[in-house]
Each structure stands twice: as C-alpha cells, then as structure tokens.
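A.B. asks: Sequence:
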Amino acid sequence: MEFSLPYHGKPWRVETRKLLFFIGIITCAAFSVQIFLTPYENVFRALFLVNNAPAGDSSLDISMMGIFTPFYDSSMATPSKNCTETIDLAKKTPQKSIKTMLSEMIPSSNHMKRTWMKMPPNRITSISAMSRLLLKNLAPSHSMRPKRLSEQDREILAVKSQIENAPVIQNDKDLYAPIYRNLSTFRRSYELMEETLKVYIYKEGEKPFFHDPILEGVYASEGWFMKQMEENKKFVVQDPAKAHLFYLPFSSESIRYSSLYDRKTRSKANFIKLLSDYLDTIKAKYPFWNRTGGTDHFFTACHDWAPIMTRPFMNGCIRAFCNSDVNDDFVLGKDVPLAETLVLSKSDLLKDIGGKPPSERQTLAFFAGNIHGYLRPILLKFWENKDPDMQIYGKMNSTVTAKMNYIQRMKTSKYCISAKGYEVASPRVVEAIFFECVPVIISDNYVPPFFEVLDWESFAVFVAEKDIPNLKEILLSIPEEKYIEMHQRVKKVQQHFLWHNEPVKYDIFHMTLHSIWYNRVFQA
821 MEFSLPYHGK PWRVETRKLL FFIGIITCAA FSVQIFLTPY ENVFRALFLV
871 NNAPAGDSSL DISMMGIFTP FYDSSMATPS KNCTETIDLA KKTPQKSIKT
921 MLSEMIPSSN HMKRTWMKMP PNRITSISAM SRLLLKNLAP SHSMRPKRLS
971 EQDREILAVK SQIENAPVIQ NDKDLYAPIY RNLSTFRRSY ELMEETLKVY
1021 IYKEGEKPFF HDPILEGVYA SEGWFMKQME ENKKFVVQDP AKAHLFYLPF
1071 SSESIRYSSL YDRKTRSKAN FIKLLSDYLD TIKAKYPFWN RTGGTDHFFT
1121 ACHDWAPIMT RPFMNGCIRA FCNSDVNDDF VLGKDVPLAE TLVLSKSDLL
1171 KDIGGKPPSE RQTLAFFAGN IHGYLRPILL KFWENKDPDM QIYGKMNSTV
1221 TAKMNYIQRM KTSKYCISAK GYEVASPRVV EAIFFECVPV IISDNYVPPF
1271 FEVLDWESFA VFVAEKDIPN LKEILLSIPE EKYIEMHQRV KKVQQHFLWH
1321 NEPVKYDIFH MTLHSIWYNR VFQA
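The opening residue of the sequence shown carries number 821 in this note's numbering; numbering runs sequentially from there.
Hints are computed from structural coordinates only; laboratory data are not their basis.
Fair warning: there could be bad hints in the mix.
[Claimed, not checked] Straight line, CA to CA, 35 angstroms or less: simulated DSBU-like cross-link-like pairs of lysine-lysine: (1) 1027 with 1093; (2) 1292 with 1201; (3) 1062 with 1325; (4) 956 with 1311; (5) 1215 with 1312; (6) 1176 with 1223; (7) 993 with 1062; (8) 1312 with 1171; (9) 1088 with 1286; (10) 1171 with 1027; (11) 1093 with 1018; (12) 1215 with 1088; (13) 1105 with 1171; (14) 1103 with 1027; (15) 1154 with 1088; (16) 1084 with 1103; (17) 1088 with 1166; (18) 1206 with 1286; (19) 1171 with 1206; (20) 1166 with 1325; (21) 1054 with 1223; (22) 980 with 1018; (23) 980 with 1231; (24) 1027 with 1223; (25) 1215 with 1171; (26) 1206 with 1154; (27) 1201 with 1311; (28) 1312 with 1286; (29) 1176 with 1311; (30) 1325 with 1311; (31) 1054 with 980; (32) 1176 with 1166; (33) 1018 with 956; (34) 1054 with 993; (35) 1166 with 1093; (36) 1292 with 1171; (37) 1312 with 1176.
Please work from the sequences and hints to get the whole structure.
C.D. replies: Written out as structure tokens, the structure is:
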C-alpha cells in the first residue's frame, strides 16, 4: 500500500514502512525532550496515571493552581529565627537526579503500577510564600457584605478593630511567645472570641450523616469537634438571629463509608446530592445563607474526599479541611486547616502522652507507615535499611507489641517524619507533637493547622519533596542548640493539639473554633 502526497504541485510517493519509521523517530525525539526538560512529576504522571481511579481515599481532582517560589525562602519581611536559617545544604550538595531515581524505581514498583494516586504538583508554594498569601487574602472583601449590616455584623467589625489595635504583650504565663506569629493579636482575638462569639447549629439533617460524630480513627477530629460544639453551652445559641457563625454538622467520614458510594462506577454523585439537598433545605427555611452567600457558615471535614463532596456548592463558606492543599482549592485566609488526629481510644485521649528529653533521644529520624501515594516509596527507596540513624520503615504489624514499638520510637527519636500519603495531610504531624518529637513535614503545599496563629518554622522542619535524598544532611545541619530549642517549643505548642473529654482553654477544640472565628472576623 502506498500514499501519494502533494508537495508544491509535484507528487512524491512514500512507502508505509518509511512513513511509520519517520513518525516513530519524531515520537522518540519528543519523548526524550520531555524526559530532560520537564519536571520529574510529568514523566511520572505520563507513565503511571491511569484513567480509572480506585475506591481508595484519594482526591480525583488534580488542580495545578498555585505560586512557584523556592522552597527555602528567606525573603519574608519579618523572618523568624527558625531552623531553616541553617539549611542550605540541599542547594549545595550534588544529588542524584530525582528523574533518574524514579526511572530506576518504576520498573520494579508494583505499587506504582497497580495504584491510582495523585501525582506530584507542578507548582510548589513554600511556607514563606503561604505566609505572604495569607496576609494578602486576609484583606477584607466587601463583595458579599450585606447592604444592611446587622447587629452581629457591627460587632464583628468592632472586634476586628480591637484585634488590629491589640496592646503589646511581651509574655504570658499560658502562652510561649516564640511559637506564635504575634502573641498580642492572638491573645486579644482569643479573648474576644470568648466574650463575643455566638454560634447557631442547624438542627436539620438525620443520623448517621448529620449530628452523629465518629470519635475514633484517623478522621476523629471532625467527630470530636462536632460532639464538643453541639454540647457547648458557652458559644451555642438557640436563636439564629443572634449568631455570628452558622455550623453545618455533617460527617464526611460517615458519608464516605456509607452505601451511597457506588463502588462499580466510583461515582461521588450521591455524596454531592445528599449535601446539596441538605443545603437547599437550609436555604429555603432560613434567610442566613442567602444573606451573605454562606460566608458566615462553616463545617469541619477530615476525609480526603471532603473537598470533592462540597466543592460544587459550599465554596463560599468557611471550610475546615484536614486535606488543606493550598494548590488544590484550599483558600488561605478563608478556609481553615483542620488538625488530623488519630484517636485510638475515645475513653483515654491522653494515653502515652509525652516523650524522652533530648539527651535520651538517640535516633536521628523515624518513620513507619503504609506505602500510600507517590512520595513514601521514594522515602523508602533512599532510606529504608540504609542508615542506622535513619529508622525508616513501611507498614508495621498491627499487633499490640508493634504499636508499642511505634510509640517508643516516636518517644526516643529526635525528628519524626510526616511524609504525605495519598493527600497532603497526615496524622503524624500531631503524633510527633503528642510524643514531643520535632516534626519533619515532607508534603509540598500542605497548610499546617492554626497557620494564621502559629510560627510553624519555629518548632518544625519543612523539607521539600525533591530534597528527600538529602534528608539526613538537612537534619544534621541543624545545630544541637537549635534542636533543643525546637524540642522545647514542641512541648509548649502541644497544648493546642490535645483533645479532652471536656474542652479546656487553648485546646484543639478552642483553637479550631478560633481559626474559624479569626477568618470570619478578617473577611468582614
């Protein structure tokens, strides 16, 4: 078979084999250019992203919006004295190409071949860049402000003025100044929350999807917040006209693991319809959502799929997500990063809390966990069984002995690795703080909890995913006195990450509510 192709009016004849050979050469050349010129994640995506997503807990939406900035950014207007001042090693140390490492992993990784997962982001927003973005987004937007201000609106504006003009505080017996962005504004904001805030909880919705908290497991944060919010007598009011905030008490975990999920089609349409119908009921029965477009409404949701469940119709409200990915629809200054906490026993929330002092922490770094997502296989590729100082493992057994071994390793390690799984959040961040181990967060674009209040770089280490090959060098570059200082700060910040059967001042319940309150005030 032959083709006749015109060329300036003169026919030329090309045999099929020659044509196919020519096309093959062009294709190979294009692929080679991609290998050498594009980020490693594009190669990885092209080779292993399949069309069908699994029933696993990973987001199906891969948003690439964001701001690219160098990971170790020292250009903040008011830099804090933190560990990243000492970390230039990742820039200076020659390292094996991550593309080469991935190409070596790919042929032998059954995990990569059989599991659908979210791929590495094309754009990275550093912690420093997030801080600047937060300040920018906290500038008020009047687009949804009601034309006629209610008494509650005027109260919020008065509170905002008081926070902005808070008296300077040098120290506080309950609050350790170095771990906060601004101790004065935080304390004044918290005081005004206690004095002013009123929350109305919608009574609509049937169990188990509404008003039915799950108090154990990896998504327990949303359950404990729901329980303690609904039982609260200080902030909750029965008259919605008096409220500054409106709570939508649904459980993303209950919805996800219900019969609403169609495993054959893997569709989330039933989740979306359930919550959409619920919101339609609220909007038809009450005037408050329509009055502001939902900007004074909020919910807490810890499951990875919560952004997908709520994205079509709840974008306007304050969304408290564990899956706080700044490059995937999470809006700094409006949305709230919810701390992901693993609760093993609802009857003993503080069991095994604490850890060894710095002098008795002999292991440099520790990680153990399921090999979820694209990042953890890379971590294990470089560090599993490679160095006695780097205790890096995959999944440990689920026996009592193994769990105790896991806890003891957290208690006796200097640094505890929190590497992202399918999504950016991991309970290991809070686990590290619980066991007084300095967290090392390897999760590009993750917004940590209470970000508007805490100076995270004063007590945690942030390592770019691309710098995993240099992980040990980065940790060793932190001077011992700096490590001891960070360890002390972890102990001071711990109170903000603890659940109690009855809420106490500055605990995780109040800090989560404060984050929601703070964003409500500064969006007014």
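A.B. asks: If a hint holds in the structure, say so; if it does not, say that too.
C.D. replies: Tested hints:
1. 1027 with 1093: holds (16 angstroms)
2. 1292 with 1201: Distance ~14 angstroms between residue 1292 and residue 1201 Cα, so the pair holds.
3. 1062 with 1325: holds (24 angstroms)
4. 956 with 1311: It holds: about 31 angstroms lies between the C-alpha atoms, which stays within 35 angstroms.
5. 1215 with 1312: Holds. Residue 1215 to residue 1312 sits at ~30 angstroms (cutoff 35 angstroms).
6. 1176 with 1223: holds (17 angstroms)
7. 993 with 1062: It holds: about 34 angstroms lies between the C-alpha atoms, which stays within 35 angstroms.
8. 1312 with 1171: holds (18 angstroms)
9. 1088 with 1286: This hinted pair holds, its Cα atoms lying about 33 angstroms apart.
10. 1171 with 1027: holds (30 angstroms)
11. 1093 with 1018: The hint holds at about 30 angstroms.
12. 1215 with 1088: holds (29 angstroms)
13. 1105 with 1171: At roughly 44 angstroms apart (the allowed maximum being 35 angstroms), residue 1171 and residue 1105 break the hint.
14. 1103 with 1027: Between residue 1103 and residue 1027 the Cα gap is close to 20 angstroms, so the pair holds against 35 angstroms.
15. 1154 with 1088: holds (25 angstroms)
16. 1084 with 1103: Status holds; Cα separation ~33 angstroms.
17. 1088 with 1166: The given pair, whose Cα atoms are some 30 angstroms apart, holds under the 35 angstroms limit.
18. 1206 with 1286: holds (19 angstroms)
19. 1171 with 1206: With a Cα-Cα distance of about 33 angstroms, the restraint between residue 1171 and residue 1206 holds, given a limit of 35 angstroms.
20. 1166 with 1325: holds (20 angstroms)
21. 1054 with 1223: violated (38 angstroms)
22. 980 with 1018: holds (16 angstroms)
23. 980 with 1231: Status violated; Cα separation ~41 angstroms.
24. 1027 with 1223: With Cα atoms ~33 angstroms apart, residue 1027 and residue 1223 stay inside 35 angstroms; holds.
25. 1215 with 1171: holds (22 angstroms)
26. 1206 with 1154: violated (43 angstroms)
27. 1201 with 1311: holds (32 angstroms)
28. 1312 with 1286: Roughly 31 angstroms between the alpha carbons, so the hint for residue 1312 and residue 1286 holds.
29. 1176 with 1311: Measuring from Cα to Cα gives roughly 11 angstroms; hence the hint holds.
30. 1325 with 1311: holds (17 angstroms)
31. 1054 with 980: holds (21 angstroms)
32. 1176 with 1166: holds (25 angstroms)
33. 1018 with 956: It holds: about 27 angstroms lies between the C-alpha atoms, which stays within 35 angstroms.
34. 1054 with 993: holds (24 angstroms)
35. 1166 with 1093: Roughly 32 angstroms between the alpha carbons, so the hint for residue 1166 and residue 1093 holds.
36. 1292 with 1171: Roughly 31 angstroms between the alpha carbons, so the hint for residue 1292 and residue 1171 holds.
37. 1312 with 1176: Within the cut-off at roughly 15 angstroms; holds.
This entry does not satisfy hints 13, 21, 23, 26, going by the numbered hints stated previously.
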